[in-house]
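Each protein sequence line maps, in turn, to chains A and B.
In case it helps, our numbering puts the first sequence at residues 1 to 404.
In case it helps, our numbering puts the second sequence at residues 1001 to 1378.
Rather than coming from a laboratory, the hints here were simulated on the basis of the structure.
Treat each hint with caution, since some may be false.
[Said to hold, decoys possible] What follows is a set of in silico ranges between Cβ atoms, one per label pair, in the way DEER data are often shown: (1) B:C1122 to A:R259: 40 to 46 angstroms; (2) A:E54 to B:G1233: 51 to 57 angstroms; (3) B:C1122 to A:E367: 48 to 54 angstroms; (4) A:S374 to B:K1377: 22 to 28 angstroms; (5) B:N1341 to A:P70: 43 to 49 angstroms; (6) A:K391 to B:A1134: 55 to 61 angstroms; (7) A:E54 to B:S1037: 54 to 60 angstroms; (8) B:G1281 to A:G402: 45 to 51 angstroms; (9) A:H144 to B:S1033: 51 to 57 angstroms; (10) A:P70 to B:P1186: 47 to 53 angstroms; (11) A:V397 to B:G1233: 32 to 38 angstroms; (12) A:D66 to B:M1038: 40 to 46 angstroms.
These figures come from a predicted structure and were not determined experimentally.
We put the CB at the ideal spot given by N, CA and C, even for glycine.
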Amino acid sequence: MREIILVKYGELALKGLNRNTFEDVLLRNIRRRLKYVGNFSYSKAQSTIHITPEAETDAECAELLDNAMPRLKKIFGIAAMSRALACEKDFADIAERAIPHLQDVLSNAKTFKVEAKRADKAFPMKSPQICAELGGVLLSRFHHLKVNVTEPEVTVTVEIRDTNAYIHAAKERGAGGLPVGTGGNAMLLLSGGIDSPVAGWMMAKRGLRISAVHFAAPPYTSERARLKVESLCEKLTPWCGSMAFYCVPFTEIQEVLRRECPEEYFTILMRRLMMEIAQRIAEMDDCGALITGESLGQVASQTLQAIACTDAAAKIPVLRPLIGMDKTEIMDISRRIDTYETSILPYEDCCTVFTPRHPKLRPKLEEIEEVQASVSWEDMIAQAVAGTTKKVFALHVAENNGVL
Amino acid sequence: MSAYLDNAATTKPSAECVKAMCHALTEHYGNPSSLHSMGLQAQLDVDAARAQIAAALGVETDSILFTSGATESNNMAVLGTAARYGKRARRVVTTTVEHASVRAAFDTLEAQGFEVIRVAPCESMDEFAEKFAAAVDENTCLASMMLVNNETGHILPVKAAFTAAKKKNPKLITHCDAVQGFMKVPFRAADLQADLITVSGHKVHAAKGVGALWHKKGVKLGALLHGGEQEGGIRPGTESVPLIVGFGAAVKKMRETLDDRRTYCSALRNTCIEKLSAIDGIRIQSPANGSPFILSFSAKGLRSETLLHFLAERDVFVSSGSACSKGKQSGVLQQFGIPDNLADSTIRVSFCAENTAEDIDTLVSLVTLAQQTLIHKR
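Looking at chain B on its own, in the form it has when it is part of the complex:
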């Protein structure tokens, strides 16, 4: 039986999303910038999708920008803010466990001469928030912290860190990469004390190629692209109407089911933790209070790639570390205190509401089989 347990890498587009996209591709295919009624119809569809995303974040509609995905949103947030607010304030603060698209954007700032402070996580999240805020000074223009770590499911203390940081420097712009938290961990933009929030479509049952960046009123963004007046001129280029309306439709459906899905996936995850822990050599790496949708574990002596291929041959699909890196290690697991030899043996399973108890049983029995039959490192 096949089990797709890689929902943090990407999700299956929902029926609602596919239906909305088909409609946009076959019926409402106008260009939102066109002055005629076909154009207007497309524009209204895009606006309706924008309203869905805004409602899901608890923000005003006109502060949502559609992008090509989280990588673009993160780049725009980090590079755009630094370009706009970093003329004098040359210090920026982030963590050591961010997604590659945030990490690389900060590397770029460093090459431009910014002082980049990368704060490592601590055992206690309160301590982590304090340490993060302590790194912010009055010369800091931007601070960025992800909401949920994509490799381990750790929930980061964004609210506490940003609140304390802003107390130290009220002019500070804060950015949160909320890709793995959006529609999974309940939050509202205002609660996080974030000025910029990144979300992605394909992690919430929409199609690949669309994301959004929310920015607080008054925060000015620098454009990465130059062209027409779309998206307030900050993100020019004809809107990808089918992707955007699909995103809107997917989020609308997800909002209705947020609490149920959380409860359901929490239970799946707990069962999974319980059963995997009973297998010899398996160690759970995710924290008990992490995201209900992500579970990371290591199989001592097995390379994660080997276990991954063993499972895939039997139609069970998981990730080794972060799927974006195709076998390359990001070093994030080590930052959370997982030693090198176990990091190399770490598998991430990630859930959605379509997963079943049978999926978990299949996974558990195959991991047991792998531990018994595959050759282990000495």
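In isolation and in its complexed conformation, chain A is listed as follows:
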């Protein structure tokens, strides 16, 4: 028998009656992701998904697993995973095959312990006995090893399950969170900066399927700026799955704002109009919430009062997962999910030509609403929504482009 991957889910196991639905979505997401790697068969038992490679030779199977592991690490809902060796439920077979399977990891370790999980109570040996005997076998083969039950470098786990026994030593952390698609749909306002992709990633982690909306204002913003945002979408697909991207023509609204409204209110009014448009697109895309990358106090438009004014423009919930985070914390995540280098490309997103010199830090909603009401926006908003283009970033295209 060969190696397989055991996938453990985290919070999912805590769900009550919904659990089956959550499991099914996770399994569907895994299948979708690994479809481009090769053939696998899937089964689930006892809060674990078993992924078995389907190939002729051991080498081919090993290659399938090598390719599957990094992809699985980007699937939300997985708490941990390990490559396990499937054995007969027979101690002699376990002991014999454990040695070559663990050769690499134990040769490089100084201390270890053996853990046994006997789910199949019909197995003749009890857990402590399995641990002691297998420990003995490994010590006799790897002379340099010492047992340390409190802080071992390597924990060798033997699981006796219904159909097989499994041995594994190197458990790798998964992405955590909940499977994408279990929490509904939301529309991410994606500017091209560092924060918004991180915000989208964090909400996908909580099970939301994400679409993105971007506001383009040519010639104040460039074609390259739009391509940069598209490339951020592509970088998010391994985590979020295939993603719809909406690009809104925003030049006219910005020009009118700049001409007709007091300078100090420019950014807040702009954000309110963005919310209004994003909301309409969200409705068309069946999204129940908006997501922004706002972080309290980061810039003038992100003071509590400014956020209150922006928020009032939205009728659906606005999720702000970065609200309490520092810039450095956001940057750390951005590096981890590989969006940082793209985000810092120097193309303008929201044209600095429009940025007010002295923005209002503590705007009052009534004032803002009054100023906004002085211009009739409806036609311009409708036109912007009508002129919005949609592009879908599919997972398989990202795979072809080498985005893992």
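Please arrange chain B on chain A, whose structure you already have, making use of the hints.
Below, chain B without anything else, positioned relative to chain A:
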């Protein structure tokens, strides 16, 4: 109507270049190192191209090295010379307005422990040359100054600076990045008092990916790459025959037309200066006596990127600052005395003989339109 006014970024390969390249790709495709007749033919083609470049610079043929472009030539000149001549003489001198490929090479030397003196330009070029030469002492191994600034078209006082510097230190090696001057501003290597000269193919209607470095007889270069015996072992690797013969063919054609092109582009530029100056808020930044091929101007209150995209949407192609930096500011404009707020609003147009008076009219009318319709900074 489309107008390509970004010839300092790159030029359209000439018909002669394309023809020579096609021939090298389809007929004479041998490896110049091969001992058979196909190899010999390719070697002869490369030699003929080398002779063209040498003739254009007024130098001997065997002192031209082909490289992958000006960036490599500049790196080889600066790093190679310092490695060879800088064991004891640990000081090097350059200017604050060089192209990034020279600037970064000097930054590397600084990190290696060299004392790097970067001389800023002065109002008067004579004064600039004096200041540059004054920075050279007997402990200086290398001095480098570009011939024509790529962002503004300023012609730098290379000859005066190098002559004075060499008087102070006869052992000094001098390097000139002549990329924006080659085939545009008449010069011969000997006139410049340079020991090393960088030129590039794609700025003179050849293809991208080829350049050359001329070195004076007796000046020894350190190799950046190691391998075979090509290019005297200093620049090993199979010669890119198609690019090189294309370069040769392009330069041959350019040599025939140098004076005519200068006169023609000077007139275009003057018209452009006259018409742009008449537009409200436009300020010409290039000096009147600068290169006839480069014109830099600022549009007060408009970000250069905005104006650039506005023009590009209407098929007029220009640069903001230097095209190599894709939106990043190099700081060179400020060195020439252009204040920050205007540097951010500066556009570079650059000409070639294929540009027409209509191109200029199109540009001028669009800049006028942009000034009237686009939103300006407060």
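Now for the hints, and whether the structure bears them out:
The supplied range of 40 to 46 angstroms is met by C1122 of chain B and R259 of chain A, whose beta-carbon atoms lie about 43 angstroms from each other. Remark: the range hint 51 to 57 angstroms for E54 of chain A to G1233 of chain B is upheld by a beta-carbon distance near 55 angstroms. Taking the beta carbon of each, C1122 of chain B and E367 of chain A are about 53 angstroms apart, inside 48 to 54 angstroms as hinted. A C-beta distance of roughly 23 angstroms is found between S374 of chain A and K1377 of chain B, which places it inside the suggested range of 22 to 28 angstroms.
About 48 angstroms separates the C-beta atoms of N1341 of chain B and P70 of chain A, a value consistent with the hinted range of 43 to 49 angstroms. In this structure the hint that K391 of chain A and A1134 of chain B lie 55 to 61 angstroms apart at CB holds, the actual value being about 59 angstroms. Checked against the hint of 54 to 60 angstroms, the pair E54 of chain A and S1037 of chain B passes, with Cβ atoms roughly 56 angstroms apart. The hint said 45 to 51 angstroms for the Cβ distance between G1281 of chain B and G402 of chain A, and at roughly 46 angstroms that hint holds.
As the Cβ distance of H144 of chain A to S1033 of chain B is approximately 54 angstroms, the hint placing it in 51 to 57 angstroms holds. A hinted range of 47 to 53 angstroms is violated for the C-beta pair P70 of chain A and P1186 of chain B, which are about 59 angstroms apart. Taking the beta carbon of each, V397 of chain A and G1233 of chain B are about 46 angstroms apart, not inside 32 to 38 angstroms as hinted. At about 45 angstroms, the beta-carbon gap between D66 of chain A and M1038 of chain B stays in the expected band of 40 to 46 angstroms.
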